[in-house]
Amino acid sequence: DRDVTGVQTCALPISANETGVYKPITSHQKLRIALSDTIDYPVLLTGAGYAGLAQLTNQHPNFGQGLKGYSLRYITSFTDQASGNFLTEGVLPILFHEDPRYFRIGPEAGGFWYRAGYAASRVFWNKTDKGNSRFNFSEVVGNGMSAALGNAYYAHERNLNDNAQRLYVALATDAFGQILREIGRAHV
1 DRDVTGVQTC ALPISANETG VYKPITSHQK LRIALSDTID YPVLLTGAGY AGLAQLTNQH
61 PNFGQGLKGY SLRYITSFTD QASGNFLTEG VLPILFHEDP RYFRIGPEAG GFWYRAGYAA
121 SRVFWNKTDK GNSRFNFSEV VGNGMSAALG NAYYAHERNL NDNAQRLYVA LATDAFGQIL
181 REIGRAHV
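Residue numbering for the sequence shown follows my numbering, beginning at 1 and increasing consecutively.
Read the hints as simulated data drawn from the structure, not as lab findings.
Do not rely on the hints blindly, as some may be mistaken.
Under the rule of at most 25 Å between Cα atoms (straight-line distance), these lysine to aspartate or glutamate pairs were calculated in the DMTMM-like manner [unchecked claim]:
(1) 68 to 129
(2) 23 to 157
(3) 68 to 157
(4) 127 to 108
Simulated DEER-style distance windows between Cβ atoms [claimed, not checked]:
(5) 52 to 134: 36 to 42 Å
(6) 66 to 27: 17 to 23 Å
(7) 184 to 25: 33 to 39 Å
(8) 108 to 157: 42 to 48 Å
Ideal Cβ placement from N, Cα and C applies to all residues, glycine included.
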């Protein structure tokens, strides 16, 4: 449930009812979560999946096809995810005093659709370092910044629509990940 530093990672959610008392984490722990989530194997697999889909649909046609085209798509997909993770789970939670962890409500809170809705909503609502709920500035602003960073390596896709699409994909991917964290541990 914890990484080598003893930090509860985002990959293994903590139950909102685990202790009944909210305990904030340090800036160092937030950065450890960001690092752990960036080098974790699901990010590598997600990057491979997005690169494969982009290859099949010839998204980013200036990358070409074949191994070279796939490699460029994989590198940019991983970079999108890595920059998003560091901004949304490390840097911005420190600046905005937000908690990047996912707090699971568990099966006792309701059925599948209720829990899935709750999990997806955590993209827009989270806890502050004081344990209060508020708009998730780190998630939305961080993924917006990551989408804008993509302008550096998506040379032919730099307009507002392209940036909005990258932001949407990042938020949808994160929402899906939260649902997996909530529902995927239904046996616990």
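Consistency of the hints with the structure:
At most 25 Å may separate the alpha-carbon atoms for a hinted pair to count; residue 68 and residue 129 exceed this at roughly 44 Å. Of the pairs offered as hints, the one joining residue 23 and residue 157 is violated, with about 42 Å between alpha carbons and a cut-off of 25 Å exceeded. Taking the CA atoms of residue 68 and residue 157, the gap is near 19 Å; set against the 25 Å cutoff, the hint holds. Only pairs whose Cα atoms come within 25 Å are accepted, and residue 127 paired with residue 108 is accepted, the gap being roughly 21 Å.
Checked against the given bound of 36 to 42 Å, the beta carbons of residue 52 and residue 134, roughly 37 Å apart, stay inside it. Restraint check, residue 66 to residue 27: a C-beta distance of roughly 43 Å breaks the suggested window 17 to 23 Å. A C-beta distance of roughly 22 Å is found between residue 184 and residue 25, which places it outside the suggested range of 33 to 39 Å. For the pair residue 108 and residue 157, the beta carbons lie near 45 Å from each other, so the given range of 42 to 48 Å is met.
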